[in-house]
Structure formats: C-alpha cells, structure tokens
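A.B. asks: Here's the letter readout for the chains.
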Amino acid sequence: MKEKLQEIFSHHHGTRDALIPVLQDIQGEFGYLSPDAMDAAARFCRMSPVEVYGVATFYAQFKFDPVGRNIIMVCQGTACHVMGGARILEEVASQLQVEPGQTTTDGRFTLETVACIGACALAPAMFVNKDTHGRMKPEKVAEILNGTGN
Amino acid sequence: MEPAIRIQPGKDRQVLVCRGTGCESQKAKVIFDNLEKELEKAGLSGSVETKYTGCHGFCQQGPTIMVMPAGTFYCNVTPDDVAEIVQTDLKGGQPVERLLFLDPKTKDRVLTFRDMRYFNPQRRIVLRNCGFINPEDIEDYIAVGGYDGAKKALSMTQQQVIDNMKASGLRGRGGAGFPTGMKWEFANRSVADQKYIICNADEGDPGAFMDRAVLEGDPHSVLEGLIIGGYAIGATKSYIYVRAEYPMAYERAIIAIDQAKKKGYLGKNIFGSSHDFEIKVKLGAGAFVCGEETALIASIEGKRGMPMPRPPFPAVKGVFGKPTNINNVETLANIPVVMTKGGEWFASVGTEKSKGTKVFALAGKITYSGLVEVPMGTPLREIIEEVGGGILNKRKFKAAQTGGPSGGCIPAAHFDVPMDYENLTQLGAIMGSGGLIVTDETTCMVDMAKFFLTFTQKESCGKCVPCRLGTKKMLEILTDVTKGKATLEDLDQLVALAEDVKNGSLCGLGQTAPNPVLSTVRYFRDEYEAHILKKECPARVCVRLIKFQVNPDKCKKCGQCASACPVEAITWKKKEAALIDSEKCIKCRSCILACRYNSID
Amino acid sequence: MTNSIEELENSDVILLTGSNTREMHPVISSFIKRGVVSGKTKLIVADPRRIDLVDFAEIWLRQKPGSDVAWLNGLMHVIIKEGLYAKKYVEERTEDFEALKKAVSTYTPERVEEISGIPAADIIAAARLYAAAPAAAIAYAMGITQHINGTDAVKSVANLSMLCGNIGIESGGVNPLRGQNNVQGACDMGALPNVLTAYQSVTLPEVREKFAKYWGVSSLPEKPGLTIVETIDAAAKGQIKGLFIVGENPMISDPDLHHVEEGLRKLDFLVVQDIFLTETAKLADVVLPAACFAEKEGTFSNTERRVQRVRKAVDAPGEAKADWEIMGEIASRMGYKNMKYASAEAIFDEMAKVTPSYAGMTYARLDDGGLQWPCPTADHPGTKFLHKEKFVRGKGKFHAIEWIPPAEPTDSEYPLILITGRVLYQYHTGTMTRRSEGLNGCAPECFVEINPVDAQKLGIANGEMVKVSSRRGNLTAKAVVGEMTDVGAIFIPFHYFEAAANNLTIAALDPQAKIPEYKVCAVKVEKTK
Amino acid sequence: MDDKLTLTINGISVRGKKGQTVLEVCRENSIKVPTLCFHPKMPPYGGCRLCIVEIQNMRGLPPSCTTPATDGMNISTHTDRLFKIRRTVLELLLAYGDHNCLMCEKNSECELQNLVYEHGIDTVRYKTNFVPKPLDDSSSMIVRDPNKCVLCGRCVRGCLSVQVNGVIDIAARGSDSFITTFNGGLLNDSNCAFCGECVASCPTGALTQKQSRFKGRPWELKKVQTTCTYCGVGCQLELNVKDNEVVKVTTDPELGGPNQGSLCVKGRFGNDFINHPDRLKVPLVKKNGHLQESTWDEALKIVADKMGSIKKTSGPDSLAFFSSARTTNEENYLVSKFARAVIGTNNVDHCARL
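Residue numbers (our numbering), protein chains in the order written: chain A, 1 to 150; chain B, 151 to 751; chain C, 752 to 1280; chain D, 1281 to 1634.
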C-alpha cells in the first residue's frame, strides 16, 4: 500500500488544496479510504488526520469500507423520482438484500444511490459500473443483475 | 441555428453520431464502429467523414445520428440499422424512411432536424455547437468561429469588455440571475496580487443536465468564456469545478485545456498578448451545497464544503483569500457569442429584463425529454406542447417544477406564463439552473415536496441550525402527511417553520429549501388537506394511503392493470372489472401507472 | 527569554531546537503552531527526535545528539559565506565578529554533515531561510544546554541570532524555554552559588556590602559556593556535612543516582522540606511539611521574565506551613532576627529594594497581568523584549566556539546513545503528577523509545520489556518501537523512580554552567529474560 | 487616517472602529446580541444564526459576528422578525437534544440555558423523534455528551484554530453531523493532549470536566486566581474551591498573563495532588533509623541546633542549601538570605540545570 500511496502522492503538490484530489485517487486505487490511507494523506497534505476524516465524511463520494466488485448506482434525481426511480431502488435493494451504501455478503455488489447523473431523459436510470441502463422497469432488474460479472 | 461546421478536405458529407449520455448508454459506440466498417465496405471512406459529437439534445429518441450538410436526422438507430443507412442514404442518396422522426401530430416522417417540431422553436446560443462539432478537437471549434471572442476581448480594454457584458444584460444562469457584467466589475475593482475566475460546473439540481451537455459537447466555449472573463477581471488563474458524477465532462475539459495550451490560447502570453491565463479542473466529491459559491471555494481549498456568511463576498475574498469570480457553465458558454456578436445583439433576444436564451432540461411526464434552448420569455405552454410534444400518454398537465430543490411549481392555471426570471419568481417558482420537470395527475405534490426536502435535508451541510434541524423537522411533518398521520396544526407548523428556515438560514441552500413546500402548499393545499383530513392521496402515490382496490364505477375493463402487475395479484376477465388480491399485492403501483382511467383507489 | 511568548506567533521564522515544545510547553507550542498555520511563520526544527512539531516544520534538521555547536556553526558558515548576515547591525551593535568568522570558517556544510549527520543541503537551506527572515526567533530548551558544552551551544545560539540582527527586535531573540514554574525566579532571587539577586556577583565587594547592610550582618561570604552536583560530590567526600533541601528531589532528578545516594547517606544531617515524602525525603533526618502553591501567597517569575502573583486558595493540610514561614522560624531559633515577616508581600518589598530589575514592582502592580523585568522604577511598564536599542553590556559580543564531542562516546559494549527527557503528562520527578489520577493514568510507566532498525537487530518487539544499562546502572522498562528516535539512539523519560533514567546518566558537567550531560551517554539495551 | 465609524443601532447613533464586526460594535456599546457559536478567541463561524441582525440595504439577515461594520450602517438587533427566528433556532436545538438542566453539570453556566430563558421559552413546539447517542466516557478527564451538543463548532475551533492540536472535527454533514475524533473513535484512544480547550469553549454541557463532576455547583465555587505550578510558562488560572478543597481549575483570557485563556493538561487537570492523602501534614524526625511524626517545636529545634553545631565545628561552608525552582520568589530569596546571612555560605543552588 505504501508504494501505491507514494505513487499517488507523486502526482500532487503536498498542500491542503490537494486533499480532495488525493482522496479521490486513493479511492480510485483501493476502492475506499482506509484509516491508514487517510492518515498518510493527512501527512502529505500537512493537515491533521481528523481534518481529513472531517472532509472525507462530508462528501458523499467517499467510502470507508471496501466495496463490492460491482457498483450498482440507482439515480434518485427528480426526473427519475417522478418516473418511478424509488421503485427501482426498492427492487434492487430487495434482490440484493442490502440497503443503499451496503455491500452484499459475497462482495459481488455494492448498492449506492446518486443524487442525479444528468441522464434525466432516460429516467428512471440505473448504472452498473460504467454502463447506463435507462427507462428502467422493476422487472428488468433481475436480468441486469444476473448479467453482471462475478 | 446551426453553425458552419468544418468538413475534412476532399470529403463532401459528414455523419454526426451523438455521444451524449443518453445515446452513449444505448450503444452509440457500436453504431459508430459499424458505421466506419460499412463505409469502408461501401468504398465511401474517402468521401464521407464520421464524427462523434456531444448531445444532439433529442435524448428521448436516441441514439440519434445526423447526415450533414443535408441535415437528415435518424432516430432510435440500432447498430443493425447502420448498413442500411450507408447503403440507402450515403450510397443511394435516399433517406431511410423508417428511421426518420415521425411527427405525432401530422403522422408524417420528417427528413431533417431543421423541420422537426422539437428543434424548430428553439434558438440555440448556448448549445450552438453541441451536436455539430467534435468536442475533442479544437480545430472543429475554431472552424465555427471559436476563440474569436477571446481574441476580440484581448484587443479591448478590460472596461470595454465589462461594458459590453453589461450591455448584453446577461444574467447568471446558475440560479440567482445576478447580472454577469456587474459581477465582473466588482471582481475587477478588487485589488490583489492574484485573482481567480471559477467555472461552477457542479450542476447540483437533480433534474438538470445542460451544464453537463455543454462541457461534454462544447468544452472550448466554456474555456473561451473563462479566458474572456479572466481578462476582464484581471484573473490569471482559473478552476473548472466539475461534479464527480460527470466523468466524461471532466475528461473532455482536460482534453480541451491541453489542446488550448498547445495552441497558445492558455498559458503565458495567451494569443500573443501580455495576459497569462491557466485553467485547472477540480473534481467535486458529491455535495450539492458546493454549488453555493463560498462552499465551492471551501471545497477547492480542500475543506468541508460549508458556506461562509457574506460579506466578505468572493469578489473581495474568495479562493485562498483572493478576489474570485464564479460563473456557471451556461453563463460562460454564452460569453463568446456576446463578444463576437456584441452585447446589443445579445440583448435583442429575450425579454426586457431577461436577455438571451435559456436552456431547459425537460424531463418527467413529457413526451420528448431532452435539452431545449428557447429565448427568454417563451411561454411554458409552447415549451411543453410544441417542443416537448405534450404530456406523456396523453395525461393531464398538472404542474411544471422549475429550479429543482430550490424552486417551486407552476400550476396549470399559469400554463401560459412567459418563462423569465421575474415571472417565475412572482409565481414562487424560480428559474434556477433550468431543470423543468413536468408532472401530471399521477404525481402527488406532497410527495414531490417530500422528495425535494429529503434531498435538501440530506445535502444540508449542517452548519446553521435552521437548515440542519429545521429541514429535518419539516421532513418529519411531510412524512407524517404522506402517511396520513398529520393534523392541520402540523400543516400550519410546517408553513411557519418553512418561513423561519427560509429567512433564518445561512446560505442559499437553506434559504430556498422550503420553496418546494411553500409552493406546493400555495397551489395544492387541497392535496395536503386530502392527505390530512381524508387520509387520501389523490394522485395515488403515497402508498400508505392507497387502498389498492379497483373502483368498479370508473373501471373501463381494459385489463391493462392485470398485465402490468408483476406478481399476478390482479384477476381480470373480459368485460369485467378487475379485482386485486390484497394478499398477493406488493403495493408497487404498477397497476396505477398502467391504468389510464385513474380507476384504482 | 529575551522576548515574550506572544511574540512567537508573529515571528517570520522560528528556529526551534532541543525543545519538545508540544509536550513540555504545550501553551507556547500553540503560539508557534498558530503562526505556522496562519502562514506567517516558517518553522525550522532541529532535534534528534521526530517530535510532533516536525509536522509543522518547513525544515527538520535531525542532528546526532551532542553536535549542536557544529551545526549552529555550519549555519553561520553559510550565512557569512553567502553574505546573508545583518552587516549594519553587526557593525554597529556587536564586537568580535572577525573571531566568529574565523571560528566558523572551517564548519563547511560538508564537514557539519560528517559531524552532525544533517545533510549539507539542509544546512544551507536552513541557513538561508533563517537569514532571510525579517524577524527570526530562536527557541530552545534543555536539549541545547544539558551537554558538557551546553554553555558553548547557548553562546552559539546567541551568535547566530546576533549575526542576523535578531536580538533587540520584536518577535526575534534568543528564547530559552524554562522547564519549571519558577526556575527564572529562583535564579533571579540569587538561589545560585555565585550571585545574589538579579545576578549581582558575590565577588563584588560593593554588592556584598549593600546586602550586608540590608540584611543586618557585618559581612557576607565572597567565595562562590558549590552547585548541586558539586555539593553531592563534596558530600560524598565528606566535605559537606549538613544539607538543607527545599522542595527538590535529587534522588530522581540528579545524574548518576547511585552516586547521589552515596553522597546523601554520608551527610551528618539532612533536612528536607517538601509537600510529599519524596525519595530524597526518605533519607532525611528531619522532614518539614510545606504548603503547596495553592496554599500560600507569593510570586513566580515565568520564562518570559514575567513576575506574577500566587494566591492562597485553600488552607494547607494538617500543620504544614509555607516555606517562608518555616525558614523564618529556623532563622529566629538560630538567633537571626531579620527574617521575621508578617507576610510574603513584606519579603517581596524587601527583595525589591536590593534587586534593581524588580525595584519598580509591588504586589499591587503585579495584580494586573504581572510585570516583566527589568522594571526598575515604580512607573516603569516592564520590558517586553530585551536589548532593544543596545545590549545590556553595551555591544553584543560574538564568541568563537569550537565543537567538542560528548563526554562518553558509544563503543562496542555500550553502542547506543541515551537521550533523557520528559513527557507531557509528567512533571520533573513526578512528585505531583504521579499523584494526579488523570495525568498518571495517561503515562503511568516508564518506556524506552527505540528505532525499528535497532529493535530488530536486538530482537525486540514493541511493548516488550527491556533492560537498559550504562556504566553506572540499569533499569527495566517497556520498549516503544518507532521512528521517534533515530537509529543508534534511544530515549527514556526521567520521571519514574521505579525505572529512574538517572541511574544511567553520567555526571559529566559543563565546565562553566555545571550542567550535567543528560542528553548523551552510552548505553546498551537487552531483552529481559 | 480616521478609523472611526458612526453607525445607527436600534435608532441610536453609536461609534465603532474600522475593522470591527457589527457584533463587536454592539458589545462595545452594551447592546446585547445573543450568540452561541461565537467565541472571542476564535475566528467567527456564523452558524448558530442567533446573532443575526437586520441591516438597511442589505439582503437577508446577516450574522453580526461575521459582518464588518461600515460607516453609516443602520442596524436593528431586536426586531420581532429576528426574535421569532431566534426562538425557532433555540426550540429546534432543544427538540433535537437531551437538555435536562437538573442533571447537567453545566446548570447555571450554560449559554443555551441562558438564551432559552432570555427568549422566554417555556415549551417546545416541536415534537421530534430524537434518538439519544451514547456518551464518550472513556477519558478520565473529559466527558463528551453528544446529546447536549449544539454543533456550534467552538470545541473544534478551539482544538484546530486556537491550540492547533487537530484532535476533533465535525464529521458527516447535515443533521447527521457530529463532533468526532479521527475515524470516529473514543477520545481516550485519540491523539488528544487533554488541554481542555474544547471543554472550556463548550457553551453547553456537551463537554465537561470529569474530575469535578458532582463536586460543586458553579454558584458554590469560589474562584481564586493564581499562577500555575507546573512549567515555566506561568499560566494564569483559577482554582475553584469548595469547602477548602480545590475541585476544579478554569481559566479566562480576562485573567491576563501569557496563556491568553489556554491551559495544558497539567494546569487544567493535574491539580488533584493538592488534596492527595499522601501530603505531609506534620514534621517527621528520624529516630532509631526511622522517620516518625513529631512536632514543629521539636523538629525546628533539632534543625536549628544541628546546623548551628555543624557551622561551629566544620565551618559555614560545610553546610549547603538546595533551594527550589518550584517555590516562590520570596522563598528563594529567603533561602539565599538564610544561607548567606544566617549561615555565611554561598553554597546555595537549585535545580535550574536539571
């Protein structure tokens, strides 16, 4: 981990304004922010670790537990809501038996919600890793989940 | 409305493949690859150019492709359709009829986008290049007059640039509508060794995506806007703050900056002038409040995105304590046009106090959702009925929600309202960033208010008490209303609290968070009262108040409900009213949405 | 301190050395940290340990223990060579610059790197940073002084400060941070073998005459007396027969404790006056119960020369009495009549009459935030920083200083350097803090800080018990394996009687100040069986 | 340059200085504007929304703690509109917390309690589903009760801005926000240096000193200002006394002295030794090789006699005195005087070097 963090740090200038990009890179590499990684980021950006924790927990993007191999994001934007996005979220949650923010016990899926991805014309929309699934219907959920890699 | 696009030398036609998010998610890339293969096969590679573009705007009928210069517009294209397009159109010179847009009113196929009812009433200034140029190629942008505005600005004095901007009457498109020229003037007047100009691309309204489309489809116009603004206020450093949910916008901005640097449009002595200018891209991290200027500044500085009371204003003390000017994407995309065509020209578009155009993200219960750009003052009815093709499934228009979580709704009684800042404010809705969510009779306005409050409550930074706890209490009351557990006293308390949150909160988020509640109570008090007094949800959205029983008096015995039910809880025989088995019913509302006659209670 | 604590918040550069300020002077460290985070101050830390403040430092110089004179000379070498010193100031306000120039000329960054282990580039960078600052303060503590060449190091610090024109200006200066509440006052009051109050030398006849007159005796002794460590030596040799100890605990605080015990046991008569039965008191013939600070009136003088009131809040337990009352009674019983005082204030007033720097002070004046000496007259506002227009002695004198190695080099038998010091939660010999539930709970036991490289070599894991031995004694404590100390060095706090670090230390003294070399001696570490 | 300002507050013309905030001008002119997140030692925060005022020609209700005073400003501090919002803010805080003054250590010294009283609140309009969170009782010095926390951020600013210790910060956001240590652990497992700045800056009972809990109500305590007995900084502090016992230590910037209202762990939490049962209470005299309790008369006689006889037989320089860096100036002066005038030796020293 140390080497990978050093590699990430080498792309940034070690000041406070680099913190969020540094954390984003760390999460990009490890999938989440471990206490050790946050501590290292604090030293690099010359802040106290608790400030890093305060910043990281402020932003919805950051995760503090390892994530699943596949990320399911269900859009909760206005258009999606009006078009029945809540029902899609319910369906995914019940099929995976997790709450938003949680990871399935087998580590295959992490379920998340997103405030709006700007694909309002496709509402309701959900995302599996980088793939967009627009005009979702509850009955399409199972097929999409089954078609996703282990 | 279309720019004079560049075609490679020696080629006579160009196929533009939309790679906006909507089309991209429906195999636009495969379509593009197939296209190149088929052209090769047909021996047309030499004469036909293929090009990726940003969003064409007609997301509802995606994936879409256009053949230029003819303007032939194909909808709902699948990868398998490509061969036919190549053979019939590009080689044979005949359009592929079945893929042309079918006008629902005339039932005619429409050949070019120029003749389509969706595009026709639009007036594209912001989206002038979106869908026509390759956003990853600076030469495309230059070919349509790109960076002429920046060059012109640099030949003028700072004050002349500001005066031109003031003459244009352009107002900030981020929501508040503050005159951009004045904003620049403030920042220009601040004296400091370093100033900043920031592009706010943290499009937070969950229902708006024009900033995304511009950054993805025409990033150089934003860069050019920043260069002009930076010069006007005396800033040499700039940030584009993009939300993390827009990875493609982020990448395109980076590519655009690299290309502009190589051209000498960014860096030291840009365009050969004595002005230096650099742009960095910062990725947001998922916080709506960072659309607020002081929170955005905190976020750039690597802090919790909590707003600071103003004064001091960012124009005096902004990022890293230096004078800072912040404009949003749509505002910036207007600026090159204001420069090249002049402030007076720009001011000729729109209404007396609201100049230029506005891009709306049309979504919800509308036939054609997508991005539409119309002159300020265009009546709501025209946007919905002409451009948007009317309400989905021919249901009844109930209200349009504008301004997202900070906004309010325009009820049917005001369907003809001209859409500009003043009119919307007067109705208790706001222009906001341009989210325009259309609702119909199956939308519950209490649920809508609750949806927005859930959002703002979750996105509140927590710094000030009215927003942190006031919205929480408001949400608790709204939740009670949707469960039929509230009283009329609770409703009074909700309104009173909403006023205090509005007046007492620190920043725009809290000050506007009560708007969806106040607006829906204002226009749809009867719906609230139905929930409270009759324990009914008239739109049949609030599940706790729905009986899930077929009303035999209203039932037209069509059976749509039964076929929509995912758990086979509905039995139906021809010529008989349907029957719902409450044991099996999972209260998913599929039947309610399927029933055109509102006959399920 | 030549300057005041609050000025540190506004220094452009602070060179901090031999002070773990965040643990020893937490309140002062806050001033420094605020300056750093506000962007005003650049901090240079010179310390063999990776102390907390390193996190706030622009440059960290990790010197080998005992090499302070060398790297300080190295900084001055660079500053003079590059012409960065305050030429006008040096010319107008100092003397013997040429001697200094000559002395530091051989301390090239390369040679200093060899002696101190600090990379030559860092020496140069630190020199430039320090020299460029409009106002640079130097703050130091026992890490600089507790060496056989401690006085030399202090003079070197002064050399550096003067060289860049930093003495006599706001937020600059040379600032020793005093470890105990009233070290400054005890020195000011003449509780030293060679001077009376305000550093008036016992060797000057006019001084002795003045005091003899005020004290009502015919004459006062003129030969300077013995320091603490010399007294212990003299006791061991039978030359000192009676010792009166007020509130001190040499059985923990002094170097080479076996030797201390030997000396104390040899005395004919030992009186200890204290608030607890300390390790030293246990050896006494008579123990006199004293009141603590909360139970009496008086004054303390802090590290920035500020004299402040101490006020009685509660009654002393049992029959315990204030030290001044006890001393007065003994004097009376010995037939001396001029030590009967009605109050602490009366003593202060008498003292002020014979003490020029305190002459303008009264309890009434002290009530409003205290006064910083010199305060010679009743209308003098006190002195925020010293040497403003000119040095007290006239011109600032540069001293040509050569580096000498520590007294006890490491060898194959004792291969590690021992550094002793303190921890945040304990105070000195622990007499008070070890009886404070909260404090002692945070740091209940002794430990040995050791670098992972050395620990691995010795097969020691974090948390294991180890035995540390020197030529003089040994102790057993828990190993804390970490990067705090460098390879080749260990650190042990000296507060703990059950694992007293001064069992190990050497009583090698600085020839001028008679300070023991607590910061360097040779030890070995073994795993306990 | 003239740095004087003339402003109108509540219809009355008042003077201020350039660089002051509206709140500072109000306070200097004895106009009481309610505050909660404001603390004079810290950078202003503008979060509690109690110090909001109305200023002519200014949008919204700016907080007086962050708004710079400018010449000619026309300010209202106590309109009905402001009162209504302040009341709502206070009621919301009460509704989403456990504020039981009877069982609170801070009773009578609590800023929230005072504000609630001053605003005439005798009932809370809002019924909420507030769920209490567990206390952090891990430290032997500080108790943290999140249910009494109003998230004013004063503890955080005390820790981050005043002490620059970086132990606590606000985590999460919105109504989920809470004061946290790194990674959300207990205070005792954190890098806390227990300077107590957070406790001193807390306006409510969310942070209290553990050792003094139940040892005396604020109105029972007598505060005596003195100088700390630990390191050489010489912090000014107040010993809080009840029934001849020091039960708590506090400080205040108003006390003057070098510490400007801060202390360290020893000064604030390390004074329980004063009451320790081990304190020496009577003189001890060694008899038959053992120290035994004695009387002052006997002990002093032995000391005087023995020193007298050593001086006589072996000369003054066979006696030596160790004075102390922990006793007062007066006492050090006396030890020196004793050695030199009574005994006649310069053998006097103290542990300055150790």
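FYI, nobody ran anything at the bench for these hints, they're computed from the structure. Treat each hint with caution, since some may be false.
As a list, the in silico DSBU-like pairs of lysine-lysine whose alpha-carbon atoms are at most 30 Å apart [unchecked claim]:
| hint | chain 1 | residue 1 | chain 2 | residue 2 |
| --- | --- | --- | --- | --- |
| 1 | C | 791 | C | 1208 |
| 2 | A | 140 | B | 697 |
| 3 | D | 1284 | B | 608 |
| 4 | C | 791 | D | 1581 |
| 5 | B | 684 | B | 704 |
| 6 | C | 964 | D | 1581 |
| 7 | B | 467 | D | 1581 |
| 8 | A | 140 | B | 161 |
| 9 | B | 706 | B | 725 |
| 10 | C | 791 | A | 4 |
| 11 | C | 1135 | D | 1581 |
| 12 | B | 316 | B | 472 |
| 13 | D | 1413 | C | 791 |
| 14 | A | 63 | A | 130 |
| 15 | C | 839 | C | 791 |
A.B. asks: Hint by hint, note whether the structure agrees.
C.D. replies: Now the hints, each set against the structure:
no.: 1; hint: 791/C - 1208/C; in the structure: violated, 43 Å
no.: 2; hint: 140/A - 697/B; in the structure: holds, 26 Å
no.: 3; hint: 1284/D - 608/B; in the structure: violated, 45 Å
no.: 4; hint: 791/C - 1581/D; in the structure: violated, 61 Å
no.: 5; hint: 684/B - 704/B; in the structure: holds, 20 Å
no.: 6; hint: 964/C - 1581/D; in the structure: holds, 28 Å
no.: 7; hint: 467/B - 1581/D; in the structure: violated, 75 Å
no.: 8; hint: 140/A - 161/B; in the structure: violated, 44 Å
no.: 9; hint: 706/B - 725/B; in the structure: holds, 8 Å
no.: 10; hint: 791/C - 4/A; in the structure: violated, 34 Å
no.: 11; hint: 1135/C - 1581/D; in the structure: violated, 46 Å
no.: 12; hint: 316/B - 472/B; in the structure: holds, 24 Å
no.: 13; hint: 1413/D - 791/C; in the structure: violated, 41 Å
no.: 14; hint: 63/A - 130/A; in the structure: holds, 18 Å
no.: 15; hint: 839/C - 791/C; in the structure: holds, 26 Å
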